[in-house]
Amino acid sequence: MSDAVATLQAVPATARNRVPVFAGSRPAARSAYALVAPAFILMLMMLIGPLAGVIALSFTDYQLGAPSFAWIGLSNYHEMFADRVFWISLKNTLTYVAIVVPGAVALGLGTALLIQSGAGLRSLYRTIYFLPVMATLIAMAIVWEFMLHPQFGLVNGVLRAAGLQGHSWLQERGTALYSLCAIGVWQATGFNMVLFLAGLVSIPKHLYDAAEIDGAESAWSRFCLVTWPLPGPVTLFVVTISAIRSFQVFDTVQVLTKGGPSKSSEVLIYTMYAEGFEFFRSGYGAALTVVFLAFVLLLTLVKSALGNREVHYA
Amino acid sequence: MAEIEVRGLRKAFDGTEVLKGVDLTIENGEFISLVGPSGCGKSTLLRVIAGLEPQSSGEIRIDGISADGVRSSARNLAMVFQSYALYPHLSVFDNIAVPLRMKRLSALARLPILGRLMPGRQRTERGIRAEVERVADQLEISPLLKRKPGQLSGGQRQRVAVGRAIVRQPRAFLFDEPLSNLDAKLRVHMRAEIAQLHRQLKTTFIYVTHDQAEAMTMSGRIAVMIGGELIQVGTPSAIYEDPRDIRVAEFIGTPKINAFPGRIRGDGRLEVLGHVLHAATPAPAGECRVCVRPERIDLTGSGVFSGTVVHLENLGSEAFVHVASEGMSAPVVARVNDPSLLPTIGASVGYGFVPDAVRAFDGDGKRIATEIASRVERPRGMAVV
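So the sequence lines, in the order shown, correspond to chains A and B.
One point on numbering: in this note's numbering, the residue at position 223 of the first sequence is 223, and numbering is uninterrupted.
One point on numbering: in this note's numbering, the residue at position 130 of the second sequence is 444, and numbering is uninterrupted.
A portion of the hints provided could be inaccurate.
[To be verified] Chain B side only, calculated, beta carbon under 8 angstroms to chain A, not exhaustive:
id : residue
1  : R385
2  : M416
3  : R561
[What the hints assert, rightly or not] In silico lysine-lysine, DSS-like type, Cα no more than 30 angstroms apart, as pairs:
id : chain 1 : residue 1 : chain 2 : residue 2
4  : B       : K516      : B       : K499
5  : A       : K303      : B       : K462
6  : B       : K499      : A       : K205
7  : A       : K303      : B       : K460
8  : A       : K205      : B       : K460
9  : B       : K417      : A       : K205
10 : B       : K570      : A       : K205
11 : A       : K205      : B       : K680
12 : B       : K460      : B       : K417
[To be verified] Ranges between beta-carbon positions, derived for each pair:
id : chain 1 : residue 1 : chain 2 : residue 2 : range
13 : B       : Q483      : A       : I203      : 25 to 33 angstroms
14 : B       : F327      : A       : R222      : 17 to 25 angstroms
15 : B       : G429      : A       : T300      : 42 to 50 angstroms
16 : B       : G322      : A       : I128      : 45 to 53 angstroms
17 : B       : G429      : A       : Q116      : 25 to 33 angstroms
18 : A       : R222      : B       : Q510      : 31 to 39 angstroms
Bear in mind the hints are in silico, worked out from the structure with no lab data behind them.
Remember, it's a predicted structure, so these values are computed and weren't measured experimentally.
For glycine and all other residues, C-beta sits at the position ideal for the given N, C-alpha and C.
Based on the sequences and whatever the hints tell you, model everything.
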């Protein structure tokens, strides 16, 4: 009996002790903030701070190493939008994205389907296709430079053997950007394939049975009914990641073409790099970065909007 | 509507024989259950009938025409899967419409945007809409048509899966353990609904289950499969009352039938635990198993067998008493219809059974005929043996 009374009294007592925590009494709140602080400070220092810094920098005429700078408002942006090089590099970047994303997604999915349907040697093929992802792109770019060499390159060699005219792939205005696109597709396919393989494995086998019973006789109709829509979340992720990475294309441009010939392969990040670190115009480079970030943010927003609405996570 | 004949069907996976020569004729409009323990090959048999797996040998005839080499979709059989197999990215409406769209629209007309431009698509779509809505109405899922399968409860998904099956008006329905993912209460409810659906559609139903209660309550005939073979096919009452094999007797009925170790004496009388039963058999003398259903074990009379109560299961409307007896490896289970008359655990009880409750099986598990041994006098004038 006494035990029961004690328990009954203890319950409201505990409740009374707890209430202030939620109400935000000073000592409790202080320890709560203290607990949140490390994560908050780190986030401020590593993510939000630099971002705010870049945005602030884009409103100044700061030059790398300069002792002082002045606020110049939107001047950097005015200059940028009036600059032909900016528009060329934006157009080139969008072209690159428009070619590499569909190419790498389609090839990644195609390779994944082939590997998935194959009987043996799956892990061997997986490894081979994943090699470009593991290798350093700078090193691989040098290999590509040899492959695309006008005189002794493999590509032209094959073309000549087939009786076709070769090109100076990286030195001609008409082909430089597309050669970089091909390297971009080559590099991204393996990564996309691995993601798609994971997505394909998770498709329940019985859905194919149901599709078969429901009259999806051709491989194409089964693909439309099951294989394509089921890994929807994976596809969305692959497309977004491919797009962001294509926007960031830099290494191959830097190693192979330096944006040339005559700006035909100039891309956003390369312009940013050239302005910021070759001409030391940090303020202008920051303005370019802000434009770049706006595109990436847009992509992310589109992804999350689609992810919430169109893509099912069953 | 279809009559389905299975002749000498064998199926092996990587050298392991799963179906060992199955012969079965399923009548037009019949509700037949394939029942058996897990791994007995019943689902494989269904998948072979559906055309999802090719058989190793043997033949399937649907309405007298061989189905060998005929694609699943062309067999025009509908299947309801254990996991429902709904397309998670499609709404309920689209899920039900899939078989119709596959049949009536060309691959080009099924394309998302381009398809709208195809001539005649609008009219076909209107027809499909009307049929899907009719089926949804019939299954009372009309308010759910816009939802995705992920937003439905198990029972609702079940109905959608059934809807997708009936919308195409197939020749036969194949059910692969459709209720096993539902909770017990809903399962009982859906049992009645599926039986009602069969009465309504009057189409052939082939229903695979490991749950003998489903098989007993729903079907016109039961086919008991064990170890890749059809052991017995018959009406639920025949399977229950007249099992031809001890495996059938043990599989059908809960709690399991009581199997006593027995002996056939030289004069044909059966002997159990040292007591001579009032039943005789023409079978030759030797070892046998004497089986008695729990409801035929009589605890109230002064039976000749005795044991100790080791466990009680009171279900409210009835109760089961587990009695351990000497010479028995498993306790004997007896059903008591009035739970207020239950003995206590540890109490000694006597039990017996009437001779016509006996189902005897020989050493190979095959049923042997028994009859009441009327010629011989009852020892000490007992009513029950």
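Hints, one by one, checked against the model:
Contact between B:R385 and chain A, as hinted, is supported at the beta carbon level, the nearest pair being about 6 angstroms apart and thus within 8 angstroms. A distance limit of 8 angstroms between C-beta atoms decides the matter here; for B:M416 the minimum to chain A is near 3 angstroms, and the interface restraint holds. The interface hint given for B:R561 is broken, as the beta carbon of that residue sits about 29 angstroms from the closest beta carbon of chain A, more than 8 angstroms. Distance restraint check for B:K516 and B:K499: the Cα-Cα separation of roughly 26 angstroms lies within the 30 angstroms cut-off, and the hinted pair is therefore satisfied.
Note on A:K303 and B:K462: the hinted pairing holds, with a Cα-Cα distance of about 20 angstroms set against a maximum of 30 angstroms. Taken as a hint, the B:K499 and A:K205 pair is honoured in the structure, with Cα atoms around 29 angstroms apart against an allowance of 30 angstroms. Between A:K303 and B:K460, the direct Cα distance comes to roughly 24 angstroms. Compliance with the 30 angstroms bound is thereby established for this hinted pair. At most 30 angstroms may separate the alpha-carbon atoms for a hinted pair to count; A:K205 and B:K460 meet this at roughly 25 angstroms.
As the CA atoms of B:K417 and A:K205 are separated by approximately 22 angstroms, the hinted pair is consistent with the 30 angstroms bound. For a cut-off of 30 angstroms, the pair hint linking B:K570 to A:K205 is broken: about 35 angstroms separates their Cα positions. For the proposed pair A:K205 and B:K680, the alpha carbon gap of about 39 angstroms is over 30 angstroms, so the pair is violated. Of the pairs offered as hints, the one joining B:K460 and B:K417 holds, with about 22 angstroms between alpha carbons and a cut-off of 30 angstroms not exceeded.
Distance hint check: the CB atoms of B:Q483 and A:I203 are about 29 angstroms apart, consistent with the given range 25 to 33 angstroms. Distance hint check: the CB atoms of B:F327 and A:R222 are about 23 angstroms apart, consistent with the given range 17 to 25 angstroms. The hinted range of 42 to 50 angstroms is not satisfied by B:G429 and A:T300, whose Cβ atoms lie roughly 32 angstroms apart. The supplied range of 45 to 53 angstroms is met by B:G322 and A:I128, whose beta-carbon atoms lie about 47 angstroms from each other.
For the pair B:G429 and A:Q116, the supplied restraint of 25 to 33 angstroms holds, since their beta-carbon distance comes to about 28 angstroms. At roughly 34 angstroms, the beta carbons of A:R222 and B:Q510 sit within the given window of 31 to 39 angstroms.
Figure legend: structure checked against the earlier numbered hints; hints not met, in rising order: 3, 10, 11, 15.
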